Every structure is written in structure tokens, then in C-alpha cells.
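*Asks:* Kindly generate the complete structure, drawing on both the sequences and the hints.
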Amino acid sequence: MRFPHLPDWTIYAAVIGVILIASLNRGERADAPHDLPEDETAGPLLGPITPFDPSVTVDTSDEHEPVSGTAFSIAGDGRWITARHVVEGCRKPALVIDKTRALAADVRLAARADVALLLT
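At position 23 of the sequence shown the residue is numbered 23 (the working numbering), and the sequence of numbers has no breaks.
Please note that a few of the clues may not be correct.
FRET-style restraints, in silico, Cβ to Cβ [to be verified]:
no.: 1; residue 1: Y12; residue 2: A32; range: 24 to 34 Å
no.: 2; residue 1: A104; residue 2: G76; range: 10 to 20 Å
no.: 3; residue 1: A111; residue 2: W9; range: 50 to 60 Å
no.: 4; residue 1: A102; residue 2: A75; range: 16 to 26 Å
no.: 5; residue 1: D53; residue 2: R79; range: 33 to 43 Å
no.: 6; residue 1: P33; residue 2: A111; range: 36 to 46 Å
no.: 7; residue 1: T50; residue 2: I81; range: 30 to 40 Å
no.: 8; residue 1: H85; residue 2: D35; range: 36 to 46 Å
no.: 9; residue 1: L95; residue 2: N25; range: 29 to 39 Å
no.: 10; residue 1: D8; residue 2: F72; range: 55 to 65 Å
In short, the hints are calculated from the structure, not lab data. Fair warning: this is a prediction, and the values are worked out from it, not measured in the lab. Glycine is no exception: its CB is placed at the ideal position from the N, C-alpha and C atoms.
*Replies:* Here is the structure:
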């Protein structure tokens, strides 16, 4: 019995097909740990906000006293990010370089997050 001669590309296609089928049949999370069972007695991590929740109010005694916070450079062109509460209400925001130098910064406040963008 004589078999017909198959072109090389059919053999390569068959090998790739076998590898593809074998890899797709493996579980996506085959090596992942098993999920923990739901603990129904624990409830949600945080409940709804109520007027009785503890809160902290920070009262600064002097509006003209300098305050400081940390900012992180997010681009090489003078854009920095910090917390909104650090610069909110600040009359002269600046980035302090050392004890004698500071760069004035324009501030853009996020409307719904505690984030501010400083532009130098």
C-alpha cells in the first residue's frame, strides 16, 4: 500500500494544530490556588456610611503658617501629583528644591478625588 506524498505545509499545520488543541484544553488557571469558600458570617468589609461613623477634623490654627506634603513626578516635563488636601486652599503652592530654592506651581484639583496636579 502506497500513501500519497503530502506537502510539507500540511505536516507543519497538523503539528501546530495538535499543539494548539493541547494548549487550549489545559485549564486557564491550572496552577492557581483554589478559591477560598465564602464566609457568610463575616458580611461586607465596610458597611454603609452613617452619621455615627468616626471622623477626623484637622483644624489649622494659623492660615498663614506654611504646610508641606509629598509630591511625585509623573513626567519629565514638570508635572507632579500630590494629594488634593495638601494644596487645597494654598495661596502660593510651590515645590521646595532645597532650603533656599522653590519652584512656583500651578495647581489643578480633581473634582471627585483626593488628587491634585502640580504644573511647574
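*Asks:* Under the constraints set out in the numbered hints, which ones does this structure not fulfil?
*Replies:* Violated: hint 9 alone.
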